[in-house]
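Go ahead and model the full structure; you've got the sequences and the hints to work with.
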Amino acid sequence: DAKTTQPDSMESTEGETVHLPCSHATISGNEYIYWYRQVPLQGPEYVTHGLQQNTTNSMAFLAIASDRKSSTLILPHVSLRDAAVYHCIRVPSGGSNYKLTFGKGTLLTVTP
Amino acid sequence: NAGVIQTPRHKVTGKGQEATLWCEPISGHSAVFWYRQTIVQGLEFLTYFRNQAPIDDSGMPKERFSAQMPNQSHSTLKIQSTQPQDSAVYLCASRTRGNYAEQFFGPGTRLTVL
Chain A
1 DAKTTQPDSM ESTEGETVHL PCSHATISGN EYIYWYRQVP LQGPEYVTHG LQQNTTNSMA
61 FLAIASDRKS STLILPHVSL RDAAVYHCIR VPSGGSNYKL TFGKGTLLTV TP
Chain B
1001 NAGVIQTPRH KVTGKGQEAT LWCEPISGHS AVFWYRQTIV QGLEFLTYFR NQAPIDDSGM
1061 PKERFSAQMP NQSHSTLKIQ STQPQDSAVY LCASRTRGNY AEQFFGPGTR LTVL
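Quick note, the sequences are listed as chains A and B, same order. The first sequence begins at 1 in our numbering and counts up by one. The second sequence begins at 1001 in our numbering and counts up by one.
No lab work stands behind these hints, which were simulated from the structure alone. A couple of the hints might just be wrong.
[What the hints assert, rightly or not] Each computed SDA-like pair below joins lysine to any residue, with the alpha-carbon atoms no more than 25 Å apart:
no.	chain 1	residue 1	chain 2	residue 2
1	A	K104	B	Q1085
2	A	K69	A	P40
3	A	K99	A	V85
4	A	K99	B	S1058
5	A	K99	B	A1002
6	B	K1078	B	F1045
7	B	K1078	B	V1089
8	B	K1078	A	T101
9	A	K99	B	T1038
10	A	K99	B	Q1052
11	A	K99	B	Q1072
12	A	K99	B	P1054
13	A	K69	B	S1058
14	B	K1062	B	T1007
15	A	K69	A	T101
[Claimed, not checked] Across the chosen pairs, the derived CB separations fall in these ranges:
no.	chain 1	residue 1	chain 2	residue 2	range
16	A	K3	B	L1114	27 to 37 Å
17	A	P21	B	I1039	17 to 27 Å
18	B	T1007	A	T17	30 to 40 Å
19	A	T17	B	E1063	47 to 57 Å
Even for Gly, the Cβ is constructed at its ideal location relative to N, Cα and C.
What follows is the structure, given as structure tokens:
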């Protein structure tokens, strides 16, 4: 049961702004969208999350569609350090929200 | 802040041997989580401690796997009679009170069972 759908891979060049899409057509009203990223030989790193409104932090901007069936993680001015696998996941509010489950995610390649 | 520390980073065991994996959570973090990650299965939740007490071990294989948290500064995951299918990266994460979906992960221990 693939709860979110992401492209397997995307490529970018340093300095570009990258848009990573995620589809979650069956998302429930009490589910948040979380993004994590992971580089080889390291554990996952929290990036951002949102429920309905767009959110921004030092790492990224998260744009959530008005119907909440899709979202886009926007990485401004990417550097080589942003190369990673990006995971978009659905997380329920409360309850067992600590049980994170990742699939394959999107492998972002950044070239100089 | 050294982050979550996991030792060893790599461990190779023979089939049937025991493996003990160690995790030192970030100081002051009251919640500790264990996961297993493989290419095929992705990230799988194993177990969760809060204030050293086991809260949820629903992801732990019932046989051969056990986890403990004897004090606030470390947790262990023990696998008895390891099998080749136990080969994976075992990740530990920790968190303070609050949003338990925002977790801080260690680098993981890569377990290879020959």
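For each hint, the structure was consulted:
1. K104(A) x Q1085(B): 19 Å, holds
2. K69(A) x P40(A): 30 Å, violated
3. K99(A) x V85(A): 19 Å, holds
4. K99(A) x S1058(B): Holds, because 10 Å separates the two Cα atoms, which is no more than 25 Å.
5. K99(A) x A1002(B): 24 Å, holds
6. K1078(B) x F1045(B): 15 Å, holds
7. K1078(B) x V1089(B): 14 Å, holds
8. K1078(B) x T101(A): OK: K1078(B) and T101(A) at ~22 Å, within 25 Å.
9. K99(A) x T1038(B): With a Cα-Cα distance of about 16 Å, the restraint between K99(A) and T1038(B) holds, given a limit of 25 Å.
10. K99(A) x Q1052(B): 18 Å, holds
11. K99(A) x Q1072(B): Given pair K99(A), Q1072(B) holds - Cα atoms ~21 Å apart, limit 25 Å.
12. K99(A) x P1054(B): Status holds; Cα separation ~14 Å.
13. K69(A) x S1058(B): 30 Å, violated
14. K1062(B) x T1007(B): Satisfied, since the Cα-Cα distance of roughly 24 Å is no more than 25 Å.
15. K69(A) x T101(A): 19 Å, holds
16. K3(A) x L1114(B): 27 to 37 Å: The hint (27 to 37 Å, Cβ to Cβ) holds, given that K3(A) and L1114(B) are roughly 35 Å apart.
17. P21(A) x I1039(B): 17 to 27 Å: Holds: the Cβ-Cβ distance is about 23 Å, inside 17 to 27 Å.
18. T1007(B) x T17(A): 30 to 40 Å: 39 Å, holds
19. T17(A) x E1063(B): 47 to 57 Å: Given range 47 to 57 Å: holds, Cβ gap about 50 Å.
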